[in-house]
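Novice: Starting from the known structure of chain W, arrange chain U on it as the hints suggest.
The listed protein sequences derive, respectively, from chains W and U. Under this note's numbering, the letters of the first sequence match residues 1 to 423, in that order. Under this note's numbering, the letters of the second sequence match residues 1 to 423, in that order.
The set of hints was computed from the structure by calculation and includes no laboratory data. One or more hints might be untrue.
Any copy, or any two copies together, can satisfy a pair, since identical chains are not distinguished.
[To be verified] Calculated pairs, SDA-like style, for lysine to any residue (alpha carbon to alpha carbon, straight line, at most 25 Å):
#	residue 1	residue 2
1	Lys238	Gly342
2	Lys35	Arg72
3	Lys35	Thr64
4	Lys35	Ser79
5	Lys35	Gly80
6	Lys35	Arg66
7	Lys238	Ile395
8	Lys35	Leu68
There are 2 protein chains.
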Amino acid sequence: MRHSPVCRNGCASVWSDMSLWVQKYGGTSVGTTEKILAIAERLAEQRRQGHRLVVVLSAMGGETDRLLSLARQVHEQPSGRELDLLLSSGERVSIALLSLALQELGCSAVGLTGRQAGILTEGRPNKARIREIDTTRLQQWLDQEYVAIVAGFQGMDESGQVTTLGRGGSDTTAVALAAALEADECHIYTDVEGVYTADPRLEPGARKLEHLTYEEMLELSGMGSHVLQLRSVLFAEKYNVPLRVLPAFGSDSGTLISKEAEDMEQATIAGIAHNRDEAQLTMTGVPDTPGIAARILGPIADAQIEVDMIVQNASRDGDSDFTFTVHRNDYAAALEILQRIGEELGARETLGNRDIVKLSLVGVGMRSHAGIASRMFRALAEEGVNISMISTSEIKISVVVEESALETSVRALHREFELAEAA
Amino acid sequence: MRHSPVCRNGCASVWSDMSLWVQKYGGTSVGTTEKILAIAERLAEQRRQGHRLVVVLSAMGGETDRLLSLARQVHEQPSGRELDLLLSSGERVSIALLSLALQELGCSAVGLTGRQAGILTEGRPNKARIREIDTTRLQQWLDQEYVAIVAGFQGMDESGQVTTLGRGGSDTTAVALAAALEADECHIYTDVEGVYTADPRLEPGARKLEHLTYEEMLELSGMGSHVLQLRSVLFAEKYNVPLRVLPAFGSDSGTLISKEAEDMEQATIAGIAHNRDEAQLTMTGVPDTPGIAARILGPIADAQIEVDMIVQNASRDGDSDFTFTVHRNDYAAALEILQRIGEELGARETLGNRDIVKLSLVGVGMRSHAGIASRMFRALAEEGVNISMISTSEIKISVVVEESALETSVRALHREFELAEAA
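Looking at chain W on its own, in the form it has when it is part of the complex (with noise of 0.2 Å):
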């Protein structure tokens, strides 16, 4: 049944096989009861070919921010299991509706919970992870020719507690649901109409990419491209699960992420992405000694700030120049311990800019194609964009500039590597 995803344009006959299709529709997508019968009335027609169908859901769009807004009116900082017990409640509803909706069109669909439909999950509260997943009852409705409505986010751990994979949740379980039922694909409805090569908002001329490998899709979600979280894709690539990006409420075939595929010819890049969510810290001076950059990170990860890039450059006089980015949220926090920091190592300054974009370049083609680095370079210094950080990975080259060359550097960088054009 599983078919090999070697086509880069989606190819119509992957649709008309009779396929088991794990899909998973977010909080937006089943944010009105109008939405949520439109999606029944596609799954019905999906039914009619002779798909089989596994549905996961998020919440109702809000409904986990109206939860959450609840729980702070009763406890300053809510957490641990009633969190969970809460928080799982949104995706009960949006299931329960979905399959009352594919009833009333004369479609068998049962609502399943995490723990109906499986899944076991171990760690801690609001941060749970798949253990595995148990697909005998799963396999039952679907040997019945029932769809499958599942609630994303949330399994039961040994104990028997209800337990969430925190926020986002809902793509893992999708993913891990499609892995531990073999399926064809697994099918990640959005907002958007798949993956592009930039923002559009960004670039107008950007294009949709057909296919991605999981790799690129992994540097383009860690760069917060907001299509699917890492962790799925982690999860999708570990046991090879074909993902497609689709648009909720549209017919484009979207995105197909898989493995890399030997008969395909691959572009050398295959997006920019960029991030506004970052800030910059710079500590200058700071005396070249072995267990330095420990002394410095160890007490911003003490303080649980997460941080992202880091460039350490020697200095002529035995000094050396540490730079690194943390989250903006977290900006002034760091900012604060960094000058503590900087004053017990006699460091010489202490600087940090806020308004900075980290943008990337990513493709699996960078491998075999020398001079991406220095073109890209080249680019956005005929600009006149400053970049104040590099670093590279072996399928992604970020750079660090001012917020305000954003717009300029995806233009400049779109055009230079001829994105607009499909390979």
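Specialist: Leaving out everything else, chain U in the frame of chain W:
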């Protein structure tokens, strides 16, 4: 630990014992986070006094209706297991919030779904019954000094499905838990001070009762008194669980409902109940042959219409008159059916009256006091109230009168039986 509820005046000693109490708060009582915080304060105080507490909650006021309304937007007649899944989400929210509120006050609390509280159900969705309760885990939480907050109105059946007990089932959950845990008392918190000798809106002299027997409460509940669900009173009687109806926000000791105690000076009449939800249907000149009642009521039952009072009088010429009451919502449907049957049977007339009210005198003391019925009829006659139906049971006399005579009738009976004075 269990004390005998012999004191008619809500003895203070009952309240200072260290007891195990099962308490139930309805939707109105947990309708806002402010109210949830107020309940948390009271529970924390009761814990400080050393009481062990199990608290059963309904969904926040209005939530069940909101969920039902969503369901009706996607399905003409929502039902079955998906409706249960939907509705059971409401209690998860309230139990999680109250648990969090107690934790914020430094009081150990745990929220438990019906399943987690060990409530095993049987029967069909939306109207399941509690089959048994496995209190092992609940008892473990209590032994660890936790306040256990349990989702009312729900459980799990043998196949692992979430089931609901039907609306208002939270009272039953509380009583069943009290029975299973052998609690000292089961407290049902409501928006009234307790059970009254008559509706205080009709009779300003109505007095709160300190004590009632199960039988009396059953008759009052059956009469549409919304203080307690009929099923929960039956359950309490069966397992001899002392029930106390209390105001959710106040310090009144409410009304205790328990079995008749030997040393209790029983008042003749506990109170006057009325029910405005019924309508009356009459067929006159029905041939008085065997099976005629079944012939008339069979088609009514087939239409899922419930019948309350039934009165049949033989008339002079071998015919009889047949009168019964149904819920007002079923009046039109019942009248149509009755007209059809009337024609088939060759009845003289088929009549109906929507604007009636059923009035009942309730009291176990009736058994040993003769002449109650005639005093009742005379008191009504003196006010010019016409009685159209009479039906009696061992501890209740019910009459049907014109709705316009309701207030006059309640006041006349309250005066006649001197209900304003404590027995």
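Novice: Are there hints from earlier that the structure breaks, and if so, what are their numbers?
Specialist: Violated: hint 1 alone.
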